[in-house]
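When you get a sec, could you build the whole thing from the sequences and use the hints?
The end of the sequence shown is residue 388 by the numbering used here, with every number in the run present.
Think of the hints as simulated: they come from the structure by calculation, not from any bench. Hints are not guaranteed to be accurate.
Claimed, not checked - Using 30 Å as the maximum straight-line C-alpha spacing, the simulated BS3-like pairs for lysine-lysine come out as follows:
id : residue 1 : residue 2
1  : Lys213    : Lys226
2  : Lys213    : Lys50
3  : Lys55     : Lys261
4  : Lys320    : Lys377
5  : Lys213    : Lys174
6  : Lys174    : Lys226
7  : Lys336    : Lys377
8  : Lys226    : Lys261
9  : Lys262    : Lys213
10 : Lys268    : Lys95
11 : Lys213    : Lys268
12 : Lys268    : Lys55
13 : Lys213    : Lys336
14 : Lys55     : Lys281
15 : Lys262    : Lys55
16 : Lys281    : Lys268
17 : Lys50     : Lys226
18 : Lys50     : Lys262
19 : Lys281    : Lys226
20 : Lys95     : Lys174
21 : Lys226    : Lys146
22 : Lys336    : Lys320
23 : Lys261    : Lys213
24 : Lys281    : Lys377
25 : Lys268    : Lys320
26 : Lys50     : Lys261
27 : Lys213    : Lys55
28 : Lys146    : Lys95
29 : Lys320    : Lys213
30 : Lys336    : Lys281
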Amino acid sequence: MFNLIYMDNHATTPIAPEVLEAMMPYLTTHFGNASSTHPFGVTAKDIVEKARHQVADLLGCSAEEIIFTSGATESDNLAIRGIAYACREKGNHIITSTAEHHAILDTCHVLAAEGFETTYLPVDQYGRVSPDDVEAAITPKTILMSFMYANNEVGTINPIVDITAVAAKHGVLFHSDAVQGIGQLPSNMEMLGVDLASLTAHKIYGPKGIGALYVERNTPKPSSLFYGGGQEEGVRPGTLNVPGIVGLGAACELSKKHMASGKNCVATLRDALHQKLNAHLDDIHLNGHPEQRLPGNLNLCFAGVQSHAHLAGLKHIAVSTGSACDSESVKASHVLVAMGVPNELALTAVRFGLGRYNTAEEVDIVADEVVKVVNRLRALAPE
Numbered sequence: 006m007f008n009l010i011y012m013d014n015h016a017t018t019p020i021a022p023e024v025l026e027a028m029m030p031y032l033t034t035h036f037g038n039a040s041s042t043h044p045f046g047v048t049a050k051d052i053v054e055k056a057r058h059q060v061a062d063l064l065g066c067s068a069e070e071i072i073f074t075s076g077a078t079e080s081d082n083l084a085i086r087g088i089a090y091a092c093r094e095k096g097n098h099i100i101t102s103t104a105e106h107h108a109i110l111d112t113c114h115v116l117a118a119e120g121f122e123t124t125y126l127p128v129d130q131y132g133r134v135s136p137d138d139v140e141a142a143i144t145p146k147t148i149l150m151s152f153m154y155a156n157n158e159v160g161t162i163n164p165i166v167d168i169t170a171v172a173a174k175h176g177v178l179f180h181s182d183a184v185q186g187i188g189q190l191p192s193n194m195e196m197l198g199v200d201l202a203s204l205t206a207h208k209i210y211g212p213k214g215i216g217a218l219y220v221e222r223n224t225p226k227p228s229s230l231f232y233g234g235g236q237e238e239g240v241r242p243g244t245l246n247v248p249g250i251v252g253l254g255a256a257c258e259l260s261k262k263h264m265a266s267g268k269n270c271v272a273t274l275r276d277a278l279h280q281k282l283n284a285h286l287d288d289i290h291l292n293g294h295p296e297q298r299l300p301g302n303l304n305l306c307f308a309g310v311q312s313h314a315h316l317a318g319l320k321h322i323a324v325s326t327g328s329a330c331d332s333e334s335v336k337a338s339h340v341l342v343a344m345g346v347p348n349e350l351a352l353t354a355v356r357f358g359l360g361r362y363n364t365a366e367e368v369d370i371v372a373d374e375v376v377k378v379v380n381r382l383r384a385l386a387p388e
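If you want it as structure tokens, here you go:
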């Protein structure tokens, strides 16, 4: 029986033992509704507020600026749609990029049918947005811009501080889908200059189904997507997911503790994997910025080897063709297309997502298996 090796940490991470331990009492004994006034409810409310402070501590903000959601997709929707409607009297124009997550792109497409306009800026060959392009796209009707902190497919880090400076100069609100960056990169919201930011627990060794939206205290309150309760200041009504919130808080605390050391360890393993593959295979291409990228991201094109066949050959290794949210698609990644990667080459992309629990031994095994599979598939390809 082969041991499975997990290298798809951009799709999701395993729950850290410390996080699960923190959650367990609220899945069993302390099961109260945080909106109830009896002791069970008070206990739940108290732990929710503790978790809110843990999240805020990672983000360098106040607890009052944290709104709990079901995850990053909801946070993205709440930020884009919520601000669009909250600020509609000021304008109807949104700016984003062609390489954003579909939670952003699809929301903007839907808003187009409701009278809003979106400018989709191009990215460079590495997937980065130009601050100059952002400034040139601003109009008197621009109310919001949204750019991801770090790309979920190729790991490229955007020049967020430079872009937020442009937004502030023109009085435009700035949202970031910061899911991949928070917990791995500097996460102080004030220093980054963002007005709203989305995060989720399951990318930082917490549970699925829980996330948050940071809303800077002077930012207009987003219009709610739901109705039926006053939780989370009425912005996100509904019974709070207490165990999930506890898990998110614990994961944020753990991320802050291990951020610097974890980043260096994971980057070392990623670079070792890249070097081993380069040493034994020809015609492989790095996607994304060679330096300004997430520590665990390695997105490579293996010319002549279709990614679906490649993954099928790696029977005991979990990697990805790109975004897990679009894993059933056989077309080229919209991110790679936006970066100008030729379609035929883009269809050979494989994303390795290394994380906190990967080892040097696993890197050696994965490198050997990838080399075997690529060489076998290339040998079978018609000349």
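Do the hints match the structure? See the list:
1. Lys213 x Lys226: holds, 26 Å
2. Lys213 x Lys50: holds, 21 Å
3. Lys55 x Lys261: holds, 16 Å
4. Lys320 x Lys377: Since the Cα atoms of lysine 320 and lysine 377 sit roughly 12 Å apart, the hinted pair holds (cutoff 30 Å).
5. Lys213 x Lys174: violated, 37 Å
6. Lys174 x Lys226: holds, 21 Å
7. Lys336 x Lys377: It holds: about 25 Å lies between the C-alpha atoms, which stays within 30 Å.
8. Lys226 x Lys261: holds, 27 Å
9. Lys262 x Lys213: holds, 21 Å
10. Lys268 x Lys95: Violated: lysine 268 and lysine 95 sit about 41 Å apart, past 30 Å.
11. Lys213 x Lys268: holds, 22 Å
12. Lys268 x Lys55: Holds: lysine 268 and lysine 55 sit about 26 Å apart, inside 30 Å.
13. Lys213 x Lys336: holds, 27 Å
14. Lys55 x Lys281: violated, 45 Å
15. Lys262 x Lys55: holds, 17 Å
16. Lys281 x Lys268: Within the cut-off at roughly 20 Å; holds.
17. Lys50 x Lys226: holds, 22 Å
18. Lys50 x Lys262: Roughly 25 Å separates the two Cα atoms, so the pair holds.
19. Lys281 x Lys226: violated, 50 Å
20. Lys95 x Lys174: Distance ~17 Å between lysine 95 and lysine 174 Cα, so the pair holds.
21. Lys226 x Lys146: holds, 19 Å
22. Lys336 x Lys320: Measuring from Cα to Cα gives roughly 22 Å; hence the hint holds.
23. Lys261 x Lys213: With Cα atoms ~19 Å apart, lysine 261 and lysine 213 stay inside 30 Å; holds.
24. Lys281 x Lys377: holds, 13 Å
25. Lys268 x Lys320: Since the Cα atoms of lysine 268 and lysine 320 sit roughly 28 Å apart, the hinted pair holds (cutoff 30 Å).
26. Lys50 x Lys261: holds, 24 Å
27. Lys213 x Lys55: Holds, because 19 Å separates the two Cα atoms, which is no more than 30 Å.
28. Lys146 x Lys95: holds, 7 Å
29. Lys320 x Lys213: This hinted pair holds, its Cα atoms lying about 25 Å apart.
30. Lys336 x Lys281: holds, 29 Å
The structure fails hints 5, 10, 14, 19 (numbered hints given earlier, in ascending order).
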